[in-house]
Amino acid sequence: MKPANFEYFRATSIDHACELLSVHGDDAKILAGGQSLIAAMNYRLARPQVLIDISNIDNPSEITDEINGIRVKATTTQAVAEHDPVVRDRLPMLVDALEHIAHFQIRNKGTVGGSIVNADPASELPAMSLLLDAEYEIQSASNKHVMAAEDFFITYMTTALQSDEVLVSILFKEPPKNCGWALHEVARRAGDYALVGSAAIIALDDDGKCAYARVVLFGVASTPVRAKEVEELLVGQICSDELFEEAAKRVSEVVDAESDVHVTDEYRGNVAEVLTVRSLADALSRTQTAS
Amino acid sequence: MVDKQKIHLTVNGTAYDREIEPRTLLSDFIRHHLDLTGTHVGCEHGICGSCTILMDGLPVRSCLTFALQAEGKAIETIESLDTNGELSPLQNAFWENQGLQCGFCTPGILMSMKAFLEDNPKPTRDEIREALSGNLCRCTGYHDIVDSVVAAAEAALSSGTAKA
Amino acid sequence: MKKPIEIAGVTKHIGVPRKRSEDPQILMGQAKYVDDIKLPGTLEVAFFRSTHAHARIKKLKLDGAKKHPDCIHIFTNEEFSAGATTFFPNTRGTLHPVLMPFFAHGKVRFVGEIIAAVVAPSRYIAEDIVDLIEVEYATLPAYNDVEDAMQPDAVLIHEDLESNVYYADSFSNGDVDKAFSEADLVVSEKITTGRTSAAPMETRGVMATWGWDDTLTVWSSTQMPYPLRTSIAVNLGISEQTIRVVAPTVGGGFGQKAHFFPEEFILPWIAKEIKQPVKWIEDRREHLLSASHAKQCTIYMNIAFMKDGTMVGMKIKNIGDSGAYSQYPWSGLIESVAANNGAPGAFTVPNISFETVVCLTNKMSTGAYRGVGWSAGCYAREMVMTKAARLLDLDIIEIYRKNFIRHDEFPYTTSTNQTYDSGDYHKVLEKCMEMSDYEDTKKQPRSTKDGKLRGVGIAFFVEQTNWGSRSAEESGFPATLHDTTTVEMDPTGKVTVRSGQFSHGQGLKTTLAQVAAETLGVPFDDVVVLDGDTATGAYGMGTFASRSAVIGGGSVIRAATDVRNKLLTIAAHVMEANAADLEIDEGKIYVKGSPDRSMTVAEIAYITYYDRFTRPDEDEVEPTLTATRHYDPPAAYANGSHAIHIELDPQTGKVDIKRIVAVEDCGNMINPKVVDGQMRGGASQGLGMGLLESLDYDESGQLKNASFMDFMIPNATTLPDIECAHIVTPSPYTEGGFKGAGEAAMLSVHIALSNALVDALSEYDGPLVPMVTPIGPQQVMDLINNTNQPQAR
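Residue numbers (our numbering), protein chains in the order written: chain A, 1 to 291; chain B, 1 to 164; chain C, 1 to 793.
In short, the hints are calculated from the structure, not lab data.
As the structure is a prediction and not an experimental result, all values here were calculated from the model.
Hints are not guaranteed to be accurate.
[What the hints assert, rightly or not] Heads up, simulated DMTMM-like pairs for lysine to aspartate or glutamate below, C-alpha to C-alpha not over 20 Å straight-line:
#1 C:K449 / A:D282
#2 A:K173 / A:E137
#3 C:K19 / B:E86
All chains should be modelled from the sequences, with the hints used to inform the complete structure.
Below you can see the structure in the form of structure tokens.
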């Protein structure tokens, strides 16, 4: 199918993009990598009347080291982020997640920001945002503000971003230096959207007890979800397979899955639990090699 | 009616200036405005990979790119691989190893593998399969394509060139 | 039946795994598929297709669309019906045709059915205009499942029929009831196979132009250019002599493009109406919705066993899901009738009865796709056999060996009256077992050390090949299906093979040239094969049903032999030798034993055309070096075996395929490398059917997965390398001893996969045997969760 017509503007900067958005508002969509948007437009499921292209602003791919994490410009391609030495050094779990996104041809054009704003609950970057306590820098013609990732995802493919706002950059916060991490997902073929996914980070204190735990699930609800109920059972405890299995049962409290052509909601719930146990176990074994 | 917009880009080393509707996909631009029909369209939603071309050296889906997004960029398509009808070592490896049957997916695979081999000159069969996973083929079952890529890698190494 | 010709060639070209001559053009991006062919002034067509699965069209509003400034024409049934007749009747005389109209009128019966055709300067604009068309529908209940559509109170999809079941037939041989009553074990199961699409990478496409000389040229991505030409002539009332159909390079077909679709008639009709070239290129969404579907059957399979594994009887009911129409030309019977007639497979089952029922539903019609009917039918039989094996505490191998037709029993006529020409099933099975380490793997524990379960599965198939008339008839389709080939040598001694066969990936330009080169005794590079264009080929039914090696190759052998004999007769006169003493090899004609007494083929050819003084008297020997011969072969049955190793994650249901072994016996092979390619490609499609592919419709008849995102076909990580081996038992009856090879894997690979799954789960309470395809993680977990035992880990 071919897309419907639209007016096209090439933004020279984010400020320029915001100006254009303030004029065209609800009729306009931001075009970055286009790997989700153009597919939807080719199917005529999306028909924006105006496209504001931000993929060619100055230095679209930019990654900077900050004290508490790494700041990624929203227009950074997934491929650049995946291969960036700073990201590989400080946020290896983000690299792992990026490597799961589709295929390298898609990642050469798809952007970190685009995937986040697309907000597919089965995709990795929104989930990693929750896992890494990300903060989103958001800008409009009249305003700049920062929003925590946990407030950003409203429901399926829907975020708190207003029609005149642009996601500018993402700060992924670095977890404790001695942490271990893991990501597990089930997909029917390499590169497919996850049917279910789970990511975990664990850090131990000097007594070997869990001092820090983050568990995030994707593909199990209308947004990615952080399983605080699971985390609570872990903090302060000695980690073990039994503890993980007990804690993982609590994913049922955050899972609100749907059935689709591939698997049922029950499958998603059951496998979310299984993958959480695996993520926690692998995260734990990675702490032991890290320390 | 939407006004046409100007585009300037380079394809296979030749510069082009055209005026196009903004919604013109890069795949259609290459195939129908420039008459380079070697790049194929198999799905128009970025999954099959038949439309893969190189944009500034990186393999991307031309069906998920508006031509205007390629402004100022250097595009390479399958037509750039041979030299006046002489197959490149990569193309030759596919010929020797029956890495194609109907050939429809082949251009996208060649462009993807060209880039892949430049970054990974000594891939294992599993790494090749992983890299191929973004190009669907319905005819070959992939085995002979993997053989072809292995052969291309070996040919490049033995001839001392990194480029396939 | 004539005895096959003994090919006299000295230098062997047949059997050489040479690389393909068609490849360089494709590799350089120069090969032209339908959408690559440019005619100045071509307009594009987009179809307005039904968005309802079953509805009356109350009102069709075109004014808004017609007002679009770039709208050139909109055609519907109103304009079109004036110029066309109906389709040919189907090949089975007793069958009610249930034909798909070119444009829907009054009623739509599946989502995707054509209601209108918009002609515009570009596809982009045509789609804008399609968006402006409005329809008022009065919806009717839509049927997704044959067993719902068969209910007595079901709404009729075709109101001129009495039921949504438009075909019902039965067959019986032997005493099935007695066999069942005396059996030690009867296993009865209901098996349902998913609906899939061949999904070649190139979708369909048609371009048509009406010439200044009142000729029609049609390009179509088709497997059957000649029959399409004839059908267009008959249906559009245009004389066939003025029609040229060209299948340019075709990007895969797999049987799906061996049909006649409305678009292939509408586009030529429009070209004639408006006297401008028009083109329609199918997009992938249209393709999944409205290119023929395949493989969906509901099969009740009952097999009676003795406790030693002997199969004594089979009782089958196969309900084929025809979709909304009976797809032309094979009809909606193509799955179920073929399946039932091939039900015994490799086995000597003496007592068999089957019922064949074909029922309409509100989906695109079902057509042929590689392994037609047999994929589903064999799966049903084999899953029941696998279950029986587990219940009888036997390996499936033992049931195979017990029931195989033996090597010395060929030619063997099965209980469904199919006559298998040759084979050595035991040998093929052994080979597969040995290559796959089957027995050793079975001795290992099922659990691996990282918590997975390992499994190995094996399957065996007999594939009916070369659909000429006899194979088709043995499958239940009384059709006339011969092809012709013309072989010509020109004055420079070069050879042109004009074929009615046509490649869509099989490398026929290479393989047919190999056959011609060896038969004639000329170098391979001196042969050119022209195919796909009705202006330059020869009349043939097309390439499908694993027929091109035998029928294409066979008719080449016959025609080339005629030319060879003529050449030798002329050479004998010129060289003053006996024709029987002459040999031709690689373009040289020489006296056997005195190779210095020689002339070249080129010299003799030149003399034939241009030197009446040297060639024999033209009243004795016609100075022509051309021959056209037909071939309608006897049926030939290939066979083979697959083994698959898997690892299964019992907590997620994810299956990883670790090894695939494929053994094939397709008689003599023209090009073993090409055969390997067919084995590997077929395995991938078979695994797609077994593991991934299902077109999922909801209750209102909407297709939920009309994109490659959710209709999943295998990618390069879905399957590993496919280790291939060949056993050769030539056909004693076909030219060249060839048998077909294309469909094999689709009769077996998905069975081997399920058997591997059964093996992996063999330590659970069961037996756990899947009775569905495809088997995704959900279906694996469903199998596992039906057990009472705690999960093994």
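Structure-inconsistent hints, enumerated in ascending order: none
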